[in-house]
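Given the structure of chain A, go ahead and fit chain B with the ligands onto it with the hints provided.
Protein sequences appear in the order of chains A and B. Per the numbering used here, the first sequence starts with residue 1, numbered consecutively. Per the numbering used here, the second sequence starts with residue 1001, numbered consecutively.
If you're looking for bench data, these hints aren't it; they were derived computationally from the structure. Think of the CB as a built atom: it goes at the ideal place given N, C-alpha and C, for glycine as much as any other residue. Hints may contain errors.
Under the rule of at most 30 Å between Cα atoms (straight-line distance), these lysine-lysine pairs were calculated in the BS3-like manner [stated by the list, open to error]:
id, chain 1, residue 1, chain 2, residue 2
1, B, 1048, A, 144
2, B, 1287, A, 144
3, A, 144, B, 1046
Simulated restraints on C-beta separations [said to hold, decoys possible]:
id, chain 1, residue 1, chain 2, residue 2, range
4, A, 111, B, 1259, 52 to 58 Å
5, B, 1215, A, 58, 47 to 53 Å
6, B, 1018, A, 262, 52 to 58 Å
7, B, 1078, A, 58, 56 to 62 Å
8, B, 1171, A, 170, 58 to 64 Å
9, B, 1140, A, 74, 34 to 40 Å
10, B, 1197, A, 18, 27 to 33 Å
11, A, 58, B, 1280, 17 to 23 Å
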Amino acid sequence: MTEDGEQVIATTGLTKHYGQVHALTDLDIEVGPGVTGLVGANGAGKSTLIKILLGLLEPTSGRASVLGHDIATAGEEIRRVVGYMPEHDCLPPDVSASDFVVHMARMSGLGASAARERSADVLRHVGLDEERYRPMGGFSTGMKQRAKLAQALVHDPRLVFLDEPTNGLDPAARTDMLRLVRRIGADFGIAVLVTSHLLGELEQVSDHVVVLDAGHLLRSSATGDFLEQTGSLLVEVVGGTTERDRFGEALAAAGLPCRPRGTAVVIDPAPQLPVHDLVRDTAADLGLGLMRLQPDRHHLEDVFLQGPASAQQEVARG
Amino acid sequence: MAERTGVIHDLGYRRYDGPRDGTATIARTLYVTGLRHAFGLGRSGKSKILPFLLLGLCTLPAAIVVGVVTLISLDELPIGYASYTTQTQLLVSLFAAAQAPVLFSRDLRHRSIVLYLARPLPAPVFALTRWLSLTSALLVFTLLPQLVLYVGALLAGLDVSDQTTALLKAVALLLLTTTVVAGITGLISSVSLRRGFAIVGSIVALVVVPGVVTAVQAIAQAEGADDVGVAAGLASPWSLHSGLADAWDAGVTVFTPPSGGWVVAYLAVAVLVAAVTTAALVRRLMKVASR
Ligand SMILES: Nc1ncnc2c1ncn2[C@@H]1O[C@H](COP(=O)(O)OP(=O)(O)O)[C@@H](O)[C@H]1O
Ligand SMILES: [Mg+2]
Chain A
1 MTEDGEQVIA TTGLTKHYGQ VHALTDLDIE VGPGVTGLVG ANGAGKSTLI KILLGLLEPT
61 SGRASVLGHD IATAGEEIRR VVGYMPEHDC LPPDVSASDF VVHMARMSGL GASAARERSA
121 DVLRHVGLDE ERYRPMGGFS TGMKQRAKLA QALVHDPRLV FLDEPTNGLD PAARTDMLRL
181 VRRIGADFGI AVLVTSHLLG ELEQVSDHVV VLDAGHLLRS SATGDFLEQT GSLLVEVVGG
241 TTERDRFGEA LAAAGLPCRP RGTAVVIDPA PQLPVHDLVR DTAADLGLGL MRLQPDRHHL
301 EDVFLQGPAS AQQEVARG
Chain B
1001 MAERTGVIHD LGYRRYDGPR DGTATIARTL YVTGLRHAFG LGRSGKSKIL PFLLLGLCTL
1061 PAAIVVGVVT LISLDELPIG YASYTTQTQL LVSLFAAAQA PVLFSRDLRH RSIVLYLARP
1121 LPAPVFALTR WLSLTSALLV FTLLPQLVLY VGALLAGLDV SDQTTALLKA VALLLLTTTV
1181 VAGITGLISS VSLRRGFAIV GSIVALVVVP GVVTAVQAIA QAEGADDVGV AAGLASPWSL
1241 HSGLADAWDA GVTVFTPPSG GWVVAYLAVA VLVAAVTTAA LVRRLMKVAS R
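Pulled out of the complex, with its shape left as it was, chain A reads as follows:
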């Protein structure tokens, strides 16, 4: 899905210092089509990277290109074909969503009637059909995020930067927004660079994940690689830590290498043993109800547990 060779974003040695603050350090990233998650804790440099790619900020050193255009010389061409949903509020409260998105379409070079048509379309896609004639000052956070997204899409860009689109949303609105992000990449055919400070959030919607840590690239790889199966098994029994420990000790006694994790027990690969049967029988013997039995996967959080040393090997993947 991301391997058709088209390069959407590429940076080499990209560095940004704000005085003493090193926001980005010697960043080498490649981003292809589809949805790319840009993940990192607050202050990792995600917004700074996006602003540099848009030409809103100048890098201290290094180079970058967006859709084949050099950011140093072709900012205007880039901004013509790119959409941007900023992290912070950027909507005038006394203007209706419809008027605002139409105006923003015109500022991207669409004619009056095309701007109106596309605004209506895009507002419908983001789910602001009914409310679009109301002033945006009265919008909920979720509606504001949708209006911000609509103005980023209205000129049919080839790439959108979505900076923390789920920020401030309740769980239901967050799920909606993530689904929308997925649709933009998969159905609309627009490349997406989406950021989040919540490490696990973008797993389901991204084809590719780039992890930043304090301005450094920690890891960049296809999402599947993060989630690949570890070969371990995750089991959980009904009850609390007492039950968990009784269960774990019995499994160990039966010869299975295991350790507790949260409320579950992780059983490391034991190829010679009938692992599933042993788990079932051990639980039955102890009179414990089996609640969960599933293959263990890596999560984005693990990247941070593994630390930069092991991440280094992955960086080359691009």
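Frame of chain A; chain B with the ligands shown alone:
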């Protein structure tokens, strides 16, 4: 990965393959929108009240003058073009103070400036276009009554070439003065984003300071220290306007008119203030956008 074609997807997303305007056309669209917004057009009904009230107040005397001239067949206008602006400068100042924030505070306060600058128009073009909208709004505001006077004068049978010369002088002065006033009020509005503060700041610059300058000039003349009064005239856009109008024989008299090198100084200061405030505006917008 969906192909980038014009295909209508199942979910109904349509691509846009139509024409896209170049920078010049986008700037023109922004300019027209800004000019309209300065008069509250395309904004809420409430936003139209103040600009049109001020415009009405500023034009009404011209209409009355025209009526009088026509009725009693005077052979000259009782008030000149340039001095009409001087007489109504309080209204012009209020209009500039109240409407500059519409063009220069709103985008910054609500941070929609970021959305503009993430679009094709380069930041300096955006700032200059905004400034041009405000300058044009001020020109419309000040020229409308002059046109009423001019048309009235011609209808009353006054000499066409005299009237045209006087009008053109006034227009030339206004081109300079509106540039300065737009730069000052625009910059104040872009720095103090609260509308109230911006209005107060502009009123200080356009009403209070010129008032003080006039007082200083009156005293200077009375005390025989004319040069002090002339120098004081450099301190406000309206005293620059009146001083130049007096020096240029445009039908305005001030207490201490500039002459000789002072005229050049007045011109230079006006051009400099316009240039510096406009450059500062550009820098200000770019700085806010990068945050
Ligand atoms: N305008 C600025 N001036 C000084 N420091 C800044 C500025 N913007 C961001 N920073 C710093 O740069 C680092 C990266 O910030 P940012 O790119 O906003 O991170 P993120 O978006 O990942 O939260 C942070 O340490 C932040 O404090
Ligand atoms: Mg950020």
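Verification of the supplied hints:
1. B:1048 x A:144: holds (27 Å)
2. B:1287 x A:144: holds (25 Å)
3. A:144 x B:1046: OK: residue 144 of chain A and residue 1046 of chain B at ~24 Å, within 30 Å.
4. A:111 x B:1259: 52 to 58 Å: Holds: the Cβ-Cβ distance is about 54 Å, inside 52 to 58 Å.
5. B:1215 x A:58: 47 to 53 Å: 48 Å Cβ-Cβ, so the 47 to 53 Å window holds.
6. B:1018 x A:262: 52 to 58 Å: holds (54 Å)
7. B:1078 x A:58: 56 to 62 Å: Between residue 1078 of chain B and residue 58 of chain A, where Cβ atoms are some 59 Å apart, the hint holds.
8. B:1171 x A:170: 58 to 64 Å: About 59 Å separates the Cβ atoms of residue 1171 of chain B and residue 170 of chain A, which means 58 to 64 Å holds.
9. B:1140 x A:74: 34 to 40 Å: holds (37 Å)
10. B:1197 x A:18: 27 to 33 Å: Because 28 Å falls inside the window, the suggested range holds.
11. A:58 x B:1280: 17 to 23 Å: holds (20 Å)
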